[in-house]
Each structure stands twice: as C-alpha cells, then as structure tokens.
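> So the chains spell out like this:
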Amino acid sequence: MRLAYYPGCSLETSAREYNHSVQLVGRLMGVEFHEIPDWSCCGASAGHTTSRLLALALAARNLALAEEMGLDVVAPCAACYQRLALARHELAANPSLWERVNGITGRPFNGTIRVKSIVEMLLSAGTEKIKSLVVRPLRGLKVAAYYGCLLVRPRAIQIDDAENPQVMEKILRAAGAEVVDWTHKTECCGASLAVSNEEVAIPIISRILKAALAAGANCIACACPLCHFNLDIRQAKAKRFLANYRPLPVLYLTQLLGLAMGQGERELGLEAHFVETRSILKMVG
Amino acid sequence: MATLKLDVENPRELLEYVQRESGQPVEKCYQCGKCTAGCTVAFAFDLMPHQIMHMIRLGLREEILRAQSIWLCTTCVICTARCPQNIDVAAVMETLRILARRQKALPTGKARPVALFNRLFLDSIRKHGRLFELATMVLFNLKSGHLFREAETGWFMWRKGKLKLTPTRPRGTEEIERIFARLQEVEGEEDRR
Chain C
-1 MRLAYYPGCS LETSAREYNH SVQLVGRLMG VEFHEIPDWS CCGASAGHTT SRLLALALAA
59 RNLALAEEMG LDVVAPCAAC YQRLALARHE LAANPSLWER VNGITGRPFN GTIRVKSIVE
119 MLLSAGTEKI KSLVVRPLRG LKVAAYYGCL LVRPRAIQID DAENPQVMEK ILRAAGAEVV
179 DWTHKTECCG ASLAVSNEEV AIPIISRILK AALAAGANCI ACACPLCHFN LDIRQAKAKR
239 FLANYRPLPV LYLTQLLGLA MGQGERELGL EAHFVETRSI LKMVG
Chain U
5 MATLKLDVEN PRELLEYVQR ESGQPVEKCY QCGKCTAGCT VAFAFDLMPH QIMHMIRLGL
65 REEILRAQSI WLCTTCVICT ARCPQNIDVA AVMETLRILA RRQKALPTGK ARPVALFNRL
125 FLDSIRKHGR LFELATMVLF NLKSGHLFRE AETGWFMWRK GKLKLTPTRP RGTEEIERIF
185 ARLQEVEGEE DRR
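So the protein lines, in turn, are chains C and U.
Each residue of the first sequence is one higher than the one before, counting from -1 in the numbering used here.
Each residue of the second sequence is one higher than the one before, counting from 5 in the numbering used here.
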C-alpha cells in the first residue's frame, strides 16, 4: 500500500518517537510512505476556533498537495487526522464553500483522495496480517486503549463508535495484549487548555488516569501526540489528585505494536517518555 | 445576580445569526441538559452549555459573548454526540467564539490566555508554515507574564531531543501568507456589511 504521509508539527518535535514508530511498523506491514513535500500545519484547534474558512483553507492546502501526488493520505496525529478528514467532508458537502476555499488557497483540491487515520491504516491489512508479524506477544500487558475525542468525534469522521470504540482493542489483542474495559476511553484530555489554563487541564487528565488505574491497566495506549503529552509529561502534576497513584506508562499504539513485532526499545523511542516504560519492557520480556 | 438585558428591539437577531452561521437548529433544544452532563470542562465553566443554548433564544448577546465558557470549550464534541435533538452544540459554541472575536469582545479571566495562545499559534503558522513550538511557548510566557511557566517541561523536552531551536520552514510559506491575507480581506468585507 502506498500512502502520502502527513506527519504534522508535533511529530517533528515533541512526538518524534511516534513518527519513528509509525514509520517502522508501517514498513513492516508493507506500507510505503511518501511524505508530502512542503506540507504545512493543519491549523489545529487554534485554526477552527478562530475562523471556519481559515481552518478549511489550511487543511485544504495539504489535501491538494496529497492529491497532486495521487495518493490517499495518512495522518498519524489524531488532531491532524480530524482536521484533514473533516475539511474533506465539509467541502464535499458544500460546493459553493468548496469553490470559495479553493479560491483562497489558490491550489484547487478536487476531492479525489481520502484521509486515513493510523488505526484505519493498521487495520486495512486485517488482524491476521498483524498476528503474522508478531514475534513477541504482549502477554501480561493490561492495556487501557485511549482514543480521546479527535478520533471518534464528530460523527462524519469517526473511526468507530463515539462512546465505546473497539478498533484499537482489536489491534492490541492481535498483538497478544489483554485490554481492559474502562470508562474514560473517549473522554477529552483537555490538551487545548493545557498551555493556557493548566489548572483546568490537570483535573481532566487526572480523571482519565484514575479511571485507567481503577480498571487495573498497567499502561495506556494512545494514538495522538497531544493526548500523549498530556497523559505522560503532565502525569507528574496530575498525580496529586490521585489517592492510589502508581506510575502509568503511556505508549503510542505503534510503539506497542512495534515491540510485539520484535523492534527494539531504542528504535521505538521508549526512552523519550517521561513516565518510565521499563516496567512494560520487563513484562513483555 | 446581575440584571439581564433583553434585546427588546431585535429579540431573534442573535438566534437567527447563530442558526445561520452554525447551520444548527438551536430552537429545537428542549433543555434536557445532556450536553452539560457530559461536558469535559463544565466544572470550570461560568455558563453551562444548556444555559447558553437557552440564552441564545432569549437574545442575551452580551452575557454570552462575555462568558469564559465559549473560550474554555475544548471542542471535544461530546455534547454534540449525546444531543437527543441532533444539535451540533460544539458548532454553536464555536460560532459564538468566532462572533466574540469578530466583535472584539475582550476575553476575560481564564478566557484571556486561551485567546492569546490561539493568536500566537496562528502567528507562528503564518510566519513559518508550521508551528515553531519553542518560540510560541516563550512568547506565550512573556505575554502572559509567567516567564518560567513549564520551564521543567521545556528542560525535559530539551534533554530528550524533543525541542527544536530553529523552525522547519517548508517551501511555499508565501502560499500560507496568501491564505491568511485573503482571509483577512474576506472577513473584513463581511464585517463591514
């Protein structure tokens, strides 16, 4: 499978290990990535909360660039995925708006390509394909699959059910892990407030950690650099709200999959996390 | 309790504006409160989502545009997903936030840093095409008056090689500049109308 690759701003910096693990696992699964030359920021929440037209135009420029390559595009960052997929949907539903946005970008997008989330990319080959690549099953791991908001809402672009999605669980089970049933898998982590209003974001983060701990998880799997930053680096601050706190490693779905597929911790960037991931490595053996 | 100012002359003006801009039938809201019950940030809101929905119908423009809630909304879209009337409540909140910005309603309290962060974020994209995290954070700290906010986080990221000291500039930044410039033109025209 050949795909245009849209890394997004975070994967160049704070989520470099996500970038590496996606590329590593993708290649193992036979995906050929072609990074979009000169991609620009999707606009993120700052864009769409400021102006609808701006949000659409910033996303549409990147969609047009991928279209020029003639390839469907995969965006591993959940925020980028949501912005690109939603822009595509909104433009297709409204021809006059579409024309207007094409006029603003000066780079017409014709709607001939699709936007894929990382989960869709991983599942497109089927769970049997994943199983066939597993050399070190994640036995002993109890994973809380965390979707956050961006992958499952709004309805037009959701990868699975908005309240109790199961697609990440499917992948994790194929990798030999046990998944826990828990309450906060599609709650928002508050990332958009983490910089501007930390005192509001920290309780939101702690609620999610509390739920994962209560469910008996020994790690969290996520597929979003913003969620990861919040749940991993800000865990140090969130733990003061938790009575029975124990460190809860937060790994990208592709890092866990990479481990199962025999990749090394260094290649997968496990050392780049704030919460120690050594406990996970020991369990996997 | 402050006195509420009803718009007696144009009681439906705000409702019609919000319904047009968001494409959402705000009038169908029957005040069940599910949006508020599921809201991620309700505990920090000054006006609850279902209250805002009702206040739009009452035309309480100033009270709504002054609310911190419309800026604190994380647009996680839980409210929309759970609305039994299929109203996209998150889109309504977004319409209100955009209206507040275009009417230059000055955000106060917790809303101020949100507006500041969004502006600096977009400035960075306009200038570099991609987000330059480090400069954006430093500027935010300077302008919000908390110089050493998240200094430890910055130090951690630096040690882990997660902080870039220079922006990555893709080619085509003039295209990005053109998008922003055209948008200002378009919105300027709309605002004058």
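Quick caveat, the hints were computed from the structure, so don't treat them as lab data.
Some hints here could point you the wrong way.
To be verified - Straight-line alpha carbon distances no greater than 27 Å define the calculated BS3-like cross-link-like pairs of lysine-lysine that follow:
no. : chain 1 : residue 1 : chain 2 : residue 2
1   : C       : K140      : C       : K127
2   : C       : K235      : U       : K114
3   : U       : K114      : C       : K208
4   : C       : K235      : C       : K127
5   : C       : K168      : C       : K140
6   : C       : K235      : C       : K208
7   : U       : K131      : C       : K237
8   : U       : K168      : U       : K131
9   : C       : K208      : U       : K147
10  : U       : K147      : U       : K168
11  : C       : K168      : C       : K129
12  : C       : K237      : U       : K164
13  : C       : K235      : U       : K164
14  : C       : K208      : C       : K140
15  : C       : K129      : C       : K140
16  : C       : K237      : C       : K129
17  : U       : K108      : U       : K131
18  : C       : K208      : C       : K129
19  : C       : K280      : C       : K235
20  : U       : K168      : C       : K235
21  : U       : K108      : C       : K280
22  : C       : K168      : C       : K280
23  : C       : K237      : C       : K127
24  : C       : K168      : C       : K235
25  : C       : K235      : C       : K129
26  : U       : K147      : C       : K235
27  : C       : K168      : C       : K208
Remember, predicted model here, so these are calculated numbers, not experimental data.
> Does each hint fit the structure? Answer for all of them.
Verification of the hints:
A distance of roughly 22 Å separates the Cα atoms of C/K140 and C/K127; the hinted pair therefore holds under the 27 Å criterion. This hinted pair checks out: C/K235 and U/K114 have alpha carbons roughly 19 Å apart, not beyond 27 Å. Proximity of U/K114 to C/K208 is assessed by CA-CA distance (about 25 Å); at most 27 Å being required, the pair is judged to hold. With a C-alpha separation of about 40 Å, the suggested pairing of C/K235 with C/K127 is violated against the 27 Å cut-off.
The suggested pairing of C/K168 with C/K140 holds, with an alpha-carbon distance near 14 Å, which does not exceed 27 Å. For the proposed pair C/K235 and C/K208, the alpha carbon gap of about 13 Å is at most 27 Å, so the pair holds. Restraint check for U/K131 and C/K237: the C-alpha separation of about 37 Å exceeds 27 Å, so the hint is violated. Taking the CA atoms of U/K168 and U/K131, the gap is near 16 Å; set against the 27 Å cutoff, the hint holds.
Taken as a hint, the C/K208 and U/K147 pair is broken in the structure, with Cα atoms around 34 Å apart against an allowance of 27 Å. Pair hint U/K147 plus U/K168 holds up; C-alpha atoms about 21 Å apart against a cutoff of 27 Å. Taken as a hint, the C/K168 and C/K129 pair is honoured in the structure, with Cα atoms around 11 Å apart against an allowance of 27 Å. A distance of roughly 22 Å separates the Cα atoms of C/K237 and U/K164; the hinted pair therefore holds under the 27 Å criterion.
Between C/K235 and U/K164 the CA atoms are separated by roughly 19 Å; this keeps the pair inside 27 Å, and the hint holds. At most 27 Å may separate the alpha-carbon atoms for a hinted pair to count; C/K208 and C/K140 meet this at roughly 15 Å. Under the criterion of a C-alpha separation no larger than 27 Å, the hint pairing C/K129 with C/K140 is consistent with the structure, at around 18 Å. A hinted pair counts as satisfied when its Cα atoms are at most 27 Å apart, and C/K237 with C/K129 does not qualify at roughly 36 Å.
This hinted pair checks out: U/K108 and U/K131 have alpha carbons roughly 23 Å apart, not beyond 27 Å. Our distance criterion of 27 Å between C-alpha atoms is broken by C/K208 and C/K129, whose separation comes to about 31 Å. At most 27 Å may separate the alpha-carbon atoms for a hinted pair to count; C/K280 and C/K235 meet this at roughly 26 Å. A hinted pair counts as satisfied when its Cα atoms are at most 27 Å apart, and U/K168 with C/K235 qualifies at roughly 24 Å.
About 56 Å separates the Cα atoms of U/K108 and C/K280, which puts this hinted pair outside 27 Å; it is violated. The suggested pairing of C/K168 with C/K280 holds, with an alpha-carbon distance near 23 Å, which does not exceed 27 Å. For the proposed pair C/K237 and C/K127, the alpha carbon gap of about 38 Å is over 27 Å, so the pair is violated. This hinted pair does not check out: C/K168 and C/K235 have alpha carbons roughly 32 Å apart, beyond 27 Å.
Distance hint between C/K235 and C/K129 is unfulfilled; the C-alpha atoms sit about 38 Å from each other, more than 27 Å. Among the hinted pairs, U/K147 with C/K235 is consistent with the structure: their alpha-carbon atoms are about 24 Å apart, no more than 27 Å. Under the criterion of a C-alpha separation no larger than 27 Å, the hint pairing C/K168 with C/K208 is consistent with the structure, at around 23 Å.
The structure is inconsistent with the numbered hints 4, 7, 9, 16, 18, 21, 23, 24 and 25, although it conforms to all the rest.
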